[in-house]
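The listed protein sequences derive, respectively, from chains A and B. Going by this note's numbering, the first sequence opens with residue 98, and the numbers climb by one from there. Going by this note's numbering, the second sequence opens with residue 98, and the numbers climb by one from there.
Because the hints were derived from the structure by calculation, they are not lab data. Positions of the beta carbon are idealized from the N, C-alpha and C atoms, including for glycine. Heads up, some of the hints might be wrong.
[Stated by the list, open to error] For the chain A half of the interface with chain B, some residues (derived, Cβ under 10 Å), not all of them:
| id | residue |
| --- | --- |
| 1 | Gln-111 |
| 2 | Trp-124 |
| 3 | Ser-143 |
| 4 | Leu-148 |
[To be verified] Label-pair distances were calculated between CB atoms; the ranges are:
| id | chain 1 | residue 1 | chain 2 | residue 2 | range |
| --- | --- | --- | --- | --- | --- |
| 5 | A | Gly-572 | B | Arg-307 | 47 to 53 Å |
| 6 | A | Ala-221 | B | Asp-418 | 53 to 59 Å |
| 7 | B | Arg-540 | A | Ala-221 | 43 to 49 Å |
| 8 | B | Asp-323 | A | Gln-436 | 40 to 46 Å |
| 9 | A | Glu-157 | B | Asp-542 | 31 to 37 Å |
| 10 | B | Glu-235 | A | Lys-372 | 29 to 35 Å |
| 11 | A | Asp-123 | B | Glu-494 | 42 to 48 Å |
Number of protein chains: 2
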Amino acid sequence: MSSTYETFIEMVRQIGRLESVESLLDWDQETKMPPNGLNARAEQLSTLARLVHEHRTSPELGEALQDLNGQSDDPVRATNIRETRRLYDRAVKVPADLVAKIASVSAHAKSAWAVARKDSNFAAFAPHLDELLKLKCEVADLVGHNGDRYDALLSEFEPGAKAEEIANVFAELRGPLSEFVSQIAAASTRPDPAIITRHFPWAAQEQFARTLATAIGFDFQSGRLDASVHPFCSGTTPNDVRLTTRYIENFFNCAIFGTLHEAGHGVYEQGFDEKHMFTPMGSAISLGIHESQSRMWENLVGRSRGFWKHFYPLCQTQFPDSLSDVSMDAFYGAINAVQPSFIRVEADEVTYNLHIILRFELEREMIAGRLAVNDVPEAWNTKTKELLGLTPSNDAEGCLQDIHWSMGTFGYFPTYALGNLYAAQFFATARNAIPDLDDRIARGDFKTLLDWLRENIYRHGQRYTATELVEVVTGSPLSVTPFIQYVRAKFSPVYGLE
Amino acid sequence: MSSTYETFIEMVRQIGRLESVESLLDWDQETKMPPNGLNARAEQLSTLARLVHEHRTSPELGEALQDLNGQSDDPVRATNIRETRRLYDRAVKVPADLVAKIASVSAHAKSAWAVARKDSNFAAFAPHLDELLKLKCEVADLVGHNGDRYDALLSEFEPGAKAEEIANVFAELRGPLSEFVSQIAAASTRPDPAIITRHFPWAAQEQFARTLATAIGFDFQSGRLDASVHPFCSGTTPNDVRLTTRYIENFFNCAIFGTLHEAGHGVYEQGFDEKHMFTPMGSAISLGIHESQSRMWENLVGRSRGFWKHFYPLCQTQFPDSLSDVSMDAFYGAINAVQPSFIRVEADEVTYNLHIILRFELEREMIAGRLAVNDVPEAWNTKTKELLGLTPSNDAEGCLQDIHWSMGTFGYFPTYALGNLYAAQFFATARNAIPDLDDRIARGDFKTLLDWLRENIYRHGQRYTATELVEVVTGSPLSVTPFIQYVRAKFSPVYGLE
Numbered sequence: 098m099s100s101t102y103e104t105f106i107e108m109v110r111q112i113g114r115l116e117s118v119e120s121l122l123d124w125d126q127e128t129k130m131p132p133n134g135l136n137a138r139a140e141q142l143s144t145l146a147r148l149v150h151e152h153r154t155s156p157e158l159g160e161a162l163q164d165l166n167g168q169s170d171d172p173v174r175a176t177n178i179r180e181t182r183r184l185y186d187r188a189v190k191v192p193a194d195l196v197a198k199i200a201s202v203s204a205h206a207k208s209a210w211a212v213a214r215k216d217s218n219f220a221a222f223a224p225h226l227d228e229l230l231k232l233k234c235e236v237a238d239l240v241g242h243n244g245d246r247y248d249a250l251l252s253e254f255e256p257g258a259k260a261e262e263i264a265n266v267f268a269e270l271r272g273p274l275s276e277f278v279s280q281i282a283a284a285s286t287r288p289d290p291a292i293i294t295r296h297f298p299w300a301a302q303e304q305f306a307r308t309l310a311t312a313i314g315f316d317f318q319s320g321r322l323d324a325s326v327h328p329f330c331s332g333t334t335p336n337d338v339r340l341t342t343r344y345i346e347n348f349f350n351c352a353i354f355g356t357l358h359e360a361g362h363g364v365y366e367q368g369f370d371e372k373h374m375f376t377p378m379g380s381a382i383s384l385g386i387h388e389s390q391s392r393m394w395e396n397l398v399g400r401s402r403g404f405w406k407h408f409y410p411l412c413q414t415q416f417p418d419s420l421s422d423v424s425m426d427a428f429y430g431a432i433n434a435v436q437p438s439f440i441r442v443e444a445d446e447v448t449y450n451l452h453i454i455l456r457f458e459l460e461r462e463m464i465a466g467r468l469a470v471n472d473v474p475e476a477w478n479t480k481t482k483e484l485l486g487l488t489p490s491n492d493a494e495g496c497l498q499d500i501h502w503s504m505g506t507f508g509y510f511p512t513y514a515l516g517n518l519y520a521a522q523f524f525a526t527a528r529n530a531i532p533d534l535d536d537r538i539a540r541g542d543f544k545t546l547l548d549w550l551r552e553n554i555y556r557h558g559q560r561y562t563a564t565e566l567v568e569v570v571t572g573s574p575l576s577v578t579p580f581i582q583y584v585r586a587k588f589s590p591v592y593g594l595e
Numbered sequence: 098m099s100s101t102y103e104t105f106i107e108m109v110r111q112i113g114r115l116e117s118v119e120s121l122l123d124w125d126q127e128t129k130m131p132p133n134g135l136n137a138r139a140e141q142l143s144t145l146a147r148l149v150h151e152h153r154t155s156p157e158l159g160e161a162l163q164d165l166n167g168q169s170d171d172p173v174r175a176t177n178i179r180e181t182r183r184l185y186d187r188a189v190k191v192p193a194d195l196v197a198k199i200a201s202v203s204a205h206a207k208s209a210w211a212v213a214r215k216d217s218n219f220a221a222f223a224p225h226l227d228e229l230l231k232l233k234c235e236v237a238d239l240v241g242h243n244g245d246r247y248d249a250l251l252s253e254f255e256p257g258a259k260a261e262e263i264a265n266v267f268a269e270l271r272g273p274l275s276e277f278v279s280q281i282a283a284a285s286t287r288p289d290p291a292i293i294t295r296h297f298p299w300a301a302q303e304q305f306a307r308t309l310a311t312a313i314g315f316d317f318q319s320g321r322l323d324a325s326v327h328p329f330c331s332g333t334t335p336n337d338v339r340l341t342t343r344y345i346e347n348f349f350n351c352a353i354f355g356t357l358h359e360a361g362h363g364v365y366e367q368g369f370d371e372k373h374m375f376t377p378m379g380s381a382i383s384l385g386i387h388e389s390q391s392r393m394w395e396n397l398v399g400r401s402r403g404f405w406k407h408f409y410p411l412c413q414t415q416f417p418d419s420l421s422d423v424s425m426d427a428f429y430g431a432i433n434a435v436q437p438s439f440i441r442v443e444a445d446e447v448t449y450n451l452h453i454i455l456r457f458e459l460e461r462e463m464i465a466g467r468l469a470v471n472d473v474p475e476a477w478n479t480k481t482k483e484l485l486g487l488t489p490s491n492d493a494e495g496c497l498q499d500i501h502w503s504m505g506t507f508g509y510f511p512t513y514a515l516g517n518l519y520a521a522q523f524f525a526t527a528r529n530a531i532p533d534l535d536d537r538i539a540r541g542d543f544k545t546l547l548d549w550l551r552e553n554i555y556r557h558g559q560r561y562t563a564t565e566l567v568e569v570v571t572g573s574p575l576s577v578t579p580f581i582q583y584v585r586a587k588f589s590p591v592y593g594l595e
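Start from the sequences and build out the full structure, keeping to the hints where you can.
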C-alpha cells in the first residue's frame, strides 16, 4: 500500500524535531552549560546525531519517497518531498559509523585547535586537520561529484552550488575590489576609528543591543539574546530563536554589530510560517541566503548613514562618557573605517570578501589533494600578502584563526561571500520596490523592509534553491555588480574619493 | 548468539542519554525558553518520550535481558540488569499510544489547572482530572498489582513501596504529630515569624543562596542556579546539575531554604560516580531517598542552630537593613515557627507531614474508585479540618494548590513524607558515626557529613532499593521514631515545652 503524504511529512517532522533538539543542546553548551558538563554533552549530541542519521536513511522514509514520486502539484508538498529526497540520497551514501567517527574526531580536533591557536602552534593541529580532511574527502567521494570533489562538500551548505561557478564569481570580484582597496589606502581623507575603542560599559551595550534588535523586528517573545564566546544564531523554530553576542567593553562594534548580524539571521528564522515548522518549507535555503540576511541587517541597514541618523542621539545618551563629544559624521566614519587586517571576523565590508577568496582558494587545493596540510601555513601567508598586502606574524593570526576546519566544515567559507553578494543584490531590488526606503530607515521604519523580505524571501522556506530565489526576487542571476556598486557608492564619500 | 554485557549497557546508556536530554528540555522550558516556544517544546518532548519508550521496550533490549539472566556476580552489573529489567517489564505492558496520550492530556491539564487555581474554579479542572485519573488507572491495571491499584502508581516513584505499608507508617506518625502540634498551639512561649517578612533584596538573596549552596558542597563547575516559578533540581548527569529557586523580596525563607533544599538534591546527583553515568548505578534510587537529601540539607542541617551560629553573622551583613537589630535567637525562632497553614509548600517541619497524609488518603480513595472527582473539594476540606484544624476558604488554598495531579503524577505525594522520615533516620545514624557532627556544622564543616553521605548513600546509585538502603545504612528498617524524636528535641525548646 502506498504511503500517504501525511505519513511522510510526519517522518520529516520527527527528524526536524530531533535536529531542533540538537541545536538547543549546542546553544546550551555555548551559553549555559557548566564547564564540567562537556563529556556528557558530547555523548548526548553523538546519540542524537546517530538517531537523526538513522531517521534520515530509514527504509520507511525511502519507501515513502518512492511512493510519493511525482505527487508534487502542490508547491509546498513538492518542496518538502524534493528536499527530503535530496538529503536522503546524500545520507544513505554515508555509513552511520563514518558520521559518528567524524563527530568524534572533530570534537577532539576542535579542542586541539583551541589550544594550537592559543599557542600559535600549527604543528599541534596539523594531524587533526589531516585526519578530518581525509574523512571529509571520503564523504565527498561517497556522496559523489562530477570530478570536482569540492562540490560535494559545498552542497552541504549551499545546495546546488558549484565550485567552478563560485571561482568565476570570485574572479570577477577580485579585481575591482583590490583596486578599490588600493584607492582607499591612498586616500588622504580618513575617518578616525579610535573612537570605537573608547569605554562602552557592558550593561549599556546589552541594553542598546536589545533596543536595536527589537527595532529591526526581532521578537523577544519568540527569542532570546545571551552572551557567548563565538556569537551565533540558533534557530530551532520560528517561535524560539536564540541569538548570542560577545561584549568587549573597549570595542563598540563587537556586541552592537554582532547583535545586528545575529538578529538578521534571527528575523529570517522568525519569518518562517509556523505551520511548516520542522519541515523544509519552514527552513532556511542555504547558508549563503542566511548570511545575506545577517549581512544586510548588520551592514546595508545597520552601518548606513540613515540608520545612525535615527539611532545616534539615543546612542549618545546610552554612552555619554565616550560619545557626547563625537559628531555623527565622525562616528559614522569610525564604524565604517576600511583597513586590510589579518582577522576575518574583524574585517570591514570592503576587505571582508578578500579573506573569503583566500580561504576558498586554499581549501579547494587541499580537497583536490594539491596542497598538503603541512604546506598550509606558507600558502596562507603567501595569499594574505597577495590579497591584503600583509604578512601574518604567526599562525594564530594566519591559518589558525578560524574554527571551521577543526569542525570538519570544508566548503563553508564561500557562503559568507555569497551572503554579501546576495545581500547587495536583494537590497538593490528592495530599494527599487520601496523608493523611499532610505528615508524610512532614517525615520526608524524597518518594518517596511522586513515585510518585503518576509513576503519575498522568508515565507518561502526552501521552496526555491538559492540560485532560483535570486532570479525570482531580483529578476537576474547572481551578479557581483550590485555589491561593487554598493561599496563604491558608500565608501567613496567616506574616503573623499570622486 | 548471546548478547554481551557491553552491548546491553550501551543500550541502557542510550536510553539514559535521551532521558537526560528530556530533562534538559524541561529545565530550559522553566528557565530560559521564550514564551512562544511552548508548542514546539511540547512536540520535542513528546518525540523524545516516544523514542525513550521505544528504546525501553525494544526487542533487542528484551533479548539482551533474557541472555544476561543470572549473570550478576558483580554488584554493578547486577544492579544495572535488575533495574533495567524492572523498567522493561513495566514499560512493555503500556502501549506507546497510551504513553503519548497521557503526555498530551497532561500538557493540557497542566495549563487548565494553572487557570483553575488562579480563578479558584475546581469545576474547570475537574474534567481534566477525571480523564487523567482514568488513564492512570488504566496504566495501573496494565502494569498489574495485587489488588491495590495504588501500588502500581506508587512504584513509579518509590519502587517496591506498598500503599498498605505507607498507610501503617502514617498511622504511627499521625497521633504523636497531632499531639505535638496541639502542644505547640497551646504554648505560651512563641517566636515572632514577622522578621522573615521584612525586605530582603533579590541580588543579596541570590548571592547569599549561592554562598550557602557552595558551602554545603554543591559544585558550580558542575552545576548552575537559576530562577523559576516552581523551584526544582534537574540532574542530567553528575557533572551537570541544575538548581532553580524563587525570589520573593519580602520573604526570606523562599529562596534561601529553597536553594538549600534543591542543593540537597543537587549534591546527591553530583555524588554519583561519573563512570556509571546514564545507567542505574549512576541514578537516584527513588523520590523518597532523593527527598531525604533535600530535606536533610534544608532542615536538619539548614534550619539548625549550629548552621546559623556559623552563618548568621554573614547573613546580617548581607541584609543589614532587615537583620542588624535581630538577635540570633530571634532569627532562629522565626525561621522555625510552627503554624498549621493551608499551603503545603510553606508548611513548617512539624505540620508538613500532615499535609502529605491528607493527600495520600485522598488519592488512595480516588484511585480505588471510592472517591469521585466531583467530591474531592469537600473531602479535602473535611480532612484539612481534621488534620490541621483549619477550613480552606476556597479551592485555590485547598485541593487546587498542587500541580502534581494535573501532571498525572498520582502516588507521588507520599515520597515527600518518606523523605522526611528517611532524612531523620539517616541523620541520627550520621550523628552516631560522627560524634561531633553538630560542632562541625557550627564551625562550617559540612564536608564531613557530605563525605559520609557520599560513602554510604550517593555512590551506590540504585544498588539497593530504598528499603534495603535504610537497613544497610542505619541497621534498622524505616521507623517514625527518629523523626518524632528529632522534631520534639528541636521544637520543644523553641516553644518552651518541658
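How the hints compare with the structure:
no.	hint	result
1	Gln-111	6 Å, holds
2	Trp-124	9 Å, holds
3	Ser-143	9 Å, holds
4	Leu-148	7 Å, holds
5	A:Gly-572 / B:Arg-307: 47 to 53 Å	59 Å, violated
6	A:Ala-221 / B:Asp-418: 53 to 59 Å	55 Å, holds
7	B:Arg-540 / A:Ala-221: 43 to 49 Å	48 Å, holds
8	B:Asp-323 / A:Gln-436: 40 to 46 Å	42 Å, holds
9	A:Glu-157 / B:Asp-542: 31 to 37 Å	60 Å, violated
10	B:Glu-235 / A:Lys-372: 29 to 35 Å	33 Å, holds
11	A:Asp-123 / B:Glu-494: 42 to 48 Å	44 Å, holds
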